[in-house]
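Construct the entire structure; sequences and hints are all you get.
2 protein chains.
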Amino acid sequence: MNNDPRIILLAHGSSDQRWCQTFEKLATPTLESVAGSRIAYMELAEPSLETIISEGKLDGIDTFTIIPLFLAAGRHLRKDVPGMIKELQATHDVTITLAPPIGENPQLGHAIRDVVNQELERQKQPA
Amino acid sequence: MNNDPRIILLAHGSSDQRWCQTFEKLATPTLESVAGSRIAYMELAEPSLETIISEGKLDGIDTFTIIPLFLAAGRHLRKDVPGMIKELQATHDVTITLAPPIGENPQLGHAIRDVVNQELERQKQPA
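Top line first, the protein sequences correspond to chains A and B.
Residues in the first sequence are numbered consecutively from 0, following numbering that gives the first Met the number 0.
Residues in the second sequence are numbered consecutively from 0, following numbering that gives the first Met the number 0.
Honestly, I wouldn't trust all of these hints.
Straight line, CA to CA, 20 Å or less: simulated SDA-like cross-link-like pairs of lysine to any residue [stated by the list, open to error]:
| id | chain 1 | residue 1 | chain 2 | residue 2 |
| --- | --- | --- | --- | --- |
| 1 | A | 24 | B | 116 |
| 2 | B | 123 | A | 36 |
| 3 | A | 123 | B | 3 |
| 4 | B | 85 | B | 47 |
| 5 | B | 24 | A | 105 |
In short, the hints are calculated from the structure, not lab data.
The structure displayed is predicted, hence computed values, not measured ones.
So, in structure tokens, the structure goes:
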């Protein structure tokens, strides 16, 4: 028995395939280690949030947690996504929790520091 | 003697102070551990990239590396920022390198997985 909510990593989306590929790579360690987790896009790319919620419902899932792959909360996370969630909950009879954007977790600040140190090391290597 | 470039963490910027506060927190581990590093905003907030380059030049710095605090490269990083860099290099007689956005570094995918696992643990705690 597993009562964990289904995790949805929510990215902004873009018509540029390179944008989506970057988010798919970012999501890979999560998708490979968290059972049932999915990536979804807010707009301009598939799978949409609606697609992923419908699919989950068919799988018998009725609680979802959205983890926004956004560094900070702007209008999208303060207004647009809560509006989408309200509609999806009503349409599909599910419970959807919106977690804070990943950038509000201290882990991200540490990862950024590590990226910067890697970049400094890389620049010291002979070309 | 230190020939390292000055590191600039470049965030998008917003007129919403909460947005900027999130990026300042994200930058803190880097700013505290990488000597001379700075945060700058692409637009809508201060310090701007121009402010930080001018200040560096006054400090005797003439090479800079911009690490974009963006998860993926969209129009801003493919067009707008390179355009700004070209102008700043000409105006201030400096060399500015644009690193890939942080989201293209595998560290970030691992940090996201850790954030998701923390969120799952948090939801298991009694309220």
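Outcome of the hint check:
1. As the CA atoms of residue 24 of chain A and residue 116 of chain B are separated by approximately 18 Å, the hinted pair is consistent with the 20 Å bound.
2. A hinted pair counts as satisfied when its Cα atoms are at most 20 Å apart, and residue 123 of chain B with residue 36 of chain A qualifies at roughly 17 Å.
3. Restraint check: the Cα-Cα separation between residue 123 of chain A and residue 3 of chain B comes to about 8 Å, which is no more than 20 Å; the hinted pair holds.
4. Proximity of residue 85 of chain B to residue 47 of chain B is assessed by CA-CA distance (about 15 Å); at most 20 Å being required, the pair is judged to hold.
5. Taken as a hint, the residue 24 of chain B and residue 105 of chain A pair is honoured in the structure, with Cα atoms around 8 Å apart against an allowance of 20 Å.
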